[in-house]
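Two independent chains are provided; combine them into the complex using the hints.
Heads up: the protein sequence lines correspond to chains X and B, in order.
Note that this note's numbering has the first sequence beginning at 1, numbered continuously upward.
Note that this note's numbering has the second sequence beginning at 1, numbered continuously upward.
Careful, some of the hints might be misleading.
Said to hold, decoys possible - Interface residues of chain X toward chain B, partial, derived using beta-carbon atoms under 8 Å:
1. Arg34
2. Phe99
3. Ser155
4. Ala218
5. Ala238
6. Leu242
7. Leu264
8. Gln270
Honestly, the hints are just simulated from the structure, not real lab data.
Keep in mind the model is a prediction, meaning the values are calculated, not measured.
In this text, a Cβ means the ideal position worked out from N, Cα and C, and glycines have one as well.
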Amino acid sequence: MEVPMPVLEIRGLRVGFGATEILRGVDLAVDSGRTLGIVGESGCGKSMTGLAIMGLLPVGGKITSGSILFGGADLARVGERRLRKLRGGDIAMVFQDPFTSLNPSMRIADQIAEAILLHRDVSVREARELAVKQLAEVSVPAPASAARKFPHQLSGGQRQRVMVAMAFACRPKVLIADEPTTALDVTLQAQILALLKELQDQHGTAVILISHDIGVIASVSDAIAVFYAGKVVEEGLAADVLKKPTHPYTIGLLASMPGGSERLYSIPGQPPDFRTLRSACSFRERCPYKHAKSEVEPELLTISDTHKAACWLVEDAVEAAGMKAL
Amino acid sequence: MLACRGRRRSGRNEGALKEPILTVEDAQITFFVPGGSIRAVDGASLELRAGETLAIVGESGCGKTTLAKAILGLEPLSGGKIHVLGSAVTPNLAGLAERVGIVWQDPYASLDPRWRIGRSIEEPLRVNGREPGNRVSEVMQQVGLEPSLRNRFPHQLSGGQRQRVAIARALALNPPIVLCDEPTAALDLSIRAQILNLLKDLQAQLSCAYLYISHDLTTVRFVADRVAVMYLGKFVEIGPTREVFSLPRHPYTKALLRSAPTLETIGTLPAVLPGELPDPRVLMHGCPFKTRCKNRIEICATDFPRPTVEDGRTYYCHNPVRA
Numbered sequence: 001m002e003v004p005m006p007v008l009e010i011r012g013l014r015v016g017f018g019a020t021e022i023l024r025g026v027d028l029a030v031d032s033g034r035t036l037g038i039v040g041e042s043g044c045g046k047s048m049t050g051l052a053i054m055g056l057l058p059v060g061g062k063i064t065s066g067s068i069l070f071g072g073a074d075l076a077r078v079g080e081r082r083l084r085k086l087r088g089g090d091i092a093m094v095f096q097d098p099f100t101s102l103n104p105s106m107r108i109a110d111q112i113a114e115a116i117l118l119h120r121d122v123s124v125r126e127a128r129e130l131a132v133k134q135l136a137e138v139s140v141p142a143p144a145s146a147a148r149k150f151p152h153q154l155s156g157g158q159r160q161r162v163m164v165a166m167a168f169a170c171r172p173k174v175l176i177a178d179e180p181t182t183a184l185d186v187t188l189q190a191q192i193l194a195l196l197k198e199l200q201d202q203h204g205t206a207v208i209l210i211s212h213d214i215g216v217i218a219s220v221s222d223a224i225a226v227f228y229a230g231k232v233v234e235e236g237l238a239a240d241v242l243k244k245p246t247h248p249y250t251i252g253l254l255a256s257m258p259g260g261s262e263r264l265y266s267i268p269g270q271p272p273d274f275r276t277l278r279s280a281c282s283f284r285e286r287c288p289y290k291h292a293k294s295e296v297e298p299e300l301l302t303i304s305d306t307h308k309a310a311c312w313l314v315e316d317a318v319e320a321a322g323m324k325a326l
Numbered sequence: 001m002l003a004c005r006g007r008r009r010s011g012r013n014e015g016a017l018k019e020p021i022l023t024v025e026d027a028q029i030t031f032f033v034p035g036g037s038i039r040a041v042d043g044a045s046l047e048l049r050a051g052e053t054l055a056i057v058g059e060s061g062c063g064k065t066t067l068a069k070a071i072l073g074l075e076p077l078s079g080g081k082i083h084v085l086g087s088a089v090t091p092n093l094a095g096l097a098e099r100v101g102i103v104w105q106d107p108y109a110s111l112d113p114r115w116r117i118g119r120s121i122e123e124p125l126r127v128n129g130r131e132p133g134n135r136v137s138e139v140m141q142q143v144g145l146e147p148s149l150r151n152r153f154p155h156q157l158s159g160g161q162r163q164r165v166a167i168a169r170a171l172a173l174n175p176p177i178v179l180c181d182e183p184t185a186a187l188d189l190s191i192r193a194q195i196l197n198l199l200k201d202l203q204a205q206l207s208c209a210y211l212y213i214s215h216d217l218t219t220v221r222f223v224a225d226r227v228a229v230m231y232l233g234k235f236v237e238i239g240p241t242r243e244v245f246s247l248p249r250h251p252y253t254k255a256l257l258r259s260a261p262t263l264e265t266i267g268t269l270p271a272v273l274p275g276e277l278p279d280p281r282v283l284m285h286g287c288p289f290k291t292r293c294k295n296r297i298e299i300c301a302t303d304f305p306r307p308t309v310e311d312g313r314t315y316y317c318h319n320p321v322r323a
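Excised from the complex, chain B in its bound form (with noise of 0.2 Å):
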């Protein structure tokens, strides 16, 4: 149903073996709540490398806007390392946002009403005091955006122009990471695909690396080189995209996949992974996933698996799928 369409990458990518410009290692982030501790982010650790795109998929709670915002300083760790372009990522966010920039979900909610645009994609220059100049044009023509615009408010602008004004924003500094939170959840098919191919157009123009995180796996498929599954605060299964989706080895990344709708399948409904995720609040031993796993065997009740690396692809298994 998935089998991966021969889909050429090209040629910026195959120099994307470079040094990790963004490394997370064994990251933990616990919630305190009443009734008990939720550890959102459970020992989860990755590699962005320069100019890629990284995609973190899972479900709904899973931790991947948690450990977002670890990465932009935004949420202390309880464990592990943040390293953006070799320096720990500190409470002191001093210039971390000329390293790091963000793209929310939603442009409506993450622009101020009462700005006029260009005073937005500005601010982050003034903040980290750099004169403006005419980098605010510059930059809305790098995104498809006429710089007579902005003097526009963001209600005057169509969902599709908005978020292009939250991607200059997160350009203005000319960050080597950008990270994505479901930049097109909120956008119709059309614009989706816009936005889209800028995305890309832009990686390829400023090579910058993306940080993408999205619970829509076919723009994932299409967007990213390399995808991190993510359940309950671990990362089950990293790997390229198109190998991890023709062939997933984590029951859950398959799972995740034949749930997903396709215009393949007209009149068949997709796979139901049955259960939703467990209380985070309940400590749990062995594999997270154990509680709705066709390919559970003994010993997931107690020991979390080792990581198995096969083909430039990690996944955490004991009993994998086999192809």
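With the rest of the complex left out, here is chain X (with noise of 0.2 Å):
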């Protein structure tokens, strides 16, 4: 089996808002056609990641090291130019809310054709009209009247969808879908996440999909990357991170899914502050077992070929494992 090449690749990369670092040393990759599902809760770095990748971090936000790869470039690194070739063409986005990131005062038709102008070059008219095609693509029902609606003309969904067309106007390698159906009901979202799913086997693309809910990552992740404190705490398979979850706090947010007990477990404490984070494990604070080695910070350390986790308890594991095989 050829091993694929990632098509987007973060290697060490940190985010500083002055004196405080908010992403401490992210390494993800993810390959065409693959889903890599970002989880985590709130303030835990998920969302900066994905607009570090697009150079859209807020102001104050500056990358302070590591690299983002991506078609033999570093993002890190390269001009806002070269990154607004990128935005929306190579690299798209679909973030939560369609309705505050729709413009309502312009035509559905001319806000696709933006996209579709910026990047390829057609006239006005084509632009238009492959905006038309964009819409029947995601399902849009009548799409060349809807081309013509303004946003609050559309339904919930529509507008979801609408998103969606735009964000698939130029064929892009890497899609990151940021909380793209947090704002919707259950059936809309069952909806939208199909329609993602096949538009990404139809174009092969790579989706980095972030989102606080784990049922939707797993249904759709083909690996996960837990963050916890602006770090990727645990990061494998789908199976590996949901089933055989290894970092305390992943275990403990599995638990605190409503199941079959009838009271629910529930980390305890909160997360730690930013600006108070120093050189040790992050979680030890609210961790149920206290490793001895807790004011070190752990690396991602191989549970197997497909699995890490940042975790002291997995290096036990591995010594254990190594004195029963003597």
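Okay, structure coming up:
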């Protein structure tokens, strides 16, 4: 089996706002046609990772070190002009709320055509025709008439379809979907997830799906990265992370999903304040295991070829297994 | 996929077959909009019994929040009746807060950012002419907040603490009914778990009844004794959560359950229910779900089904899902 080259690879990415570091060395990779699910709670850095890739960090945010490798270039180092070419072209993004991310005073066709005109050498007229075609591709009913409408004249589900149409308009190689279905009902969520999957399969797009909903992540992801306090604390194939969670944070997160028991587990305490983080395990204060080495920050340690966790327990388990082998 | 896990119901709920403390009878709420009228709630009936949790689930726009507002007296009925503890809900709201407490979705929006939280919790007491005394500290302790936090402002608290404040405020008058409108939708997973546990603990302690409005089916399965599924202003299936979730009889209930992603189905997309809620301005004859229903038969186009009562559950369907 040939090993696919990742289409996008992030290495040691650090992002800071002044003295506060909010991404503290993130490594990720995603292959063509595959979906990487990023899961974590508010403020863990999952959205910032998406924005860093797009070069859209909020004012004051800066990439301090690390690289974002895409198409032979390091996006952490290229200029704004180059990024502008990529954004909406080879790398596209779908945001959470279609109501705030669509321009309320612009007709649908013009909004989609805008993206096409920026990246493809076509006339305005052709771009509008492509926009209608694009709407048909995402199954918006009566695409020609929908194209002439304003966002408020469409239903919530149709608006999110428009967002997807826009994102796929230039056949991106990488799609970053940041909570694409969080504002939607379960029925519409299922429709949009199916649509994303269909377009992904059709175009071989690599998808990075960011969500706090583990159910959504479980249903679409090939691989999963769990974020905590600006770092990946566990990563692996979806089945590795969900069926054999190893980092106590992942275990706690999964246990707090309503399931069979009368009471839910809840992780004690709160996520750490980024301003006071130091070089030690960031989960140590909430961790039920309190490892002796918790004052030293663990790197991602290998559990299997496809599964890693940033926890000293992994080292213990490997050692124990080694002892057994002897 | 959604096989019911063996779950022990605590003893308090077995005694839940008490007299209803909230009854909604054939409620109708109509909004007049340009181009016609919308029947947001169209003949909905339900009963909430003392000490139980009844969840109302359905898609955005199905009328669940409108019905909640009517129960609070904030939305006038155009037909039907709502009784809380035997007295009819009227636009005169005097004393209603002593009977129904409310927890809204977003504690950041539902608390006044310029009020110290002690004042927010105290307000329902003052408005209803009660002397707060030490009730504020008492109710703060009940929801797991240090009474010393009473001088803080909402922005100084975490999301979970803010929702605890909202719950404390709802409980200040010790109402027998608490209406929860998506109380955990804005919260992270681990905080959500804390709040859900808290709601359960408070119910066990205070034996209040919850009317729990949500579109999150996993949460509903956890908190609710009974569930009422709403579609386009009407209830289509009401029954014990365990039975309804393990064997839905209405095709809409089944579609709703199957469209929710779960951890049991890694790598499998949830099933798609095609279409969206139809335009509510268009008056519809027959069953409201007929435009999206797989089980549709001829009669669905013209007649709304009569209720079928079966093992403690009621559903409205001409051609229900078979086991």
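Structure-based check of all given hints:
no.: 1; hint: Arg34; result: violated (12 Å)
no.: 2; hint: Phe99; result: violated (12 Å)
no.: 3; hint: Ser155; result: holds (5 Å)
no.: 4; hint: Ala218; result: holds (5 Å)
no.: 5; hint: Ala238; result: holds (5 Å)
no.: 6; hint: Leu242; result: holds (6 Å)
no.: 7; hint: Leu264; result: holds (4 Å)
no.: 8; hint: Gln270; result: holds (6 Å)
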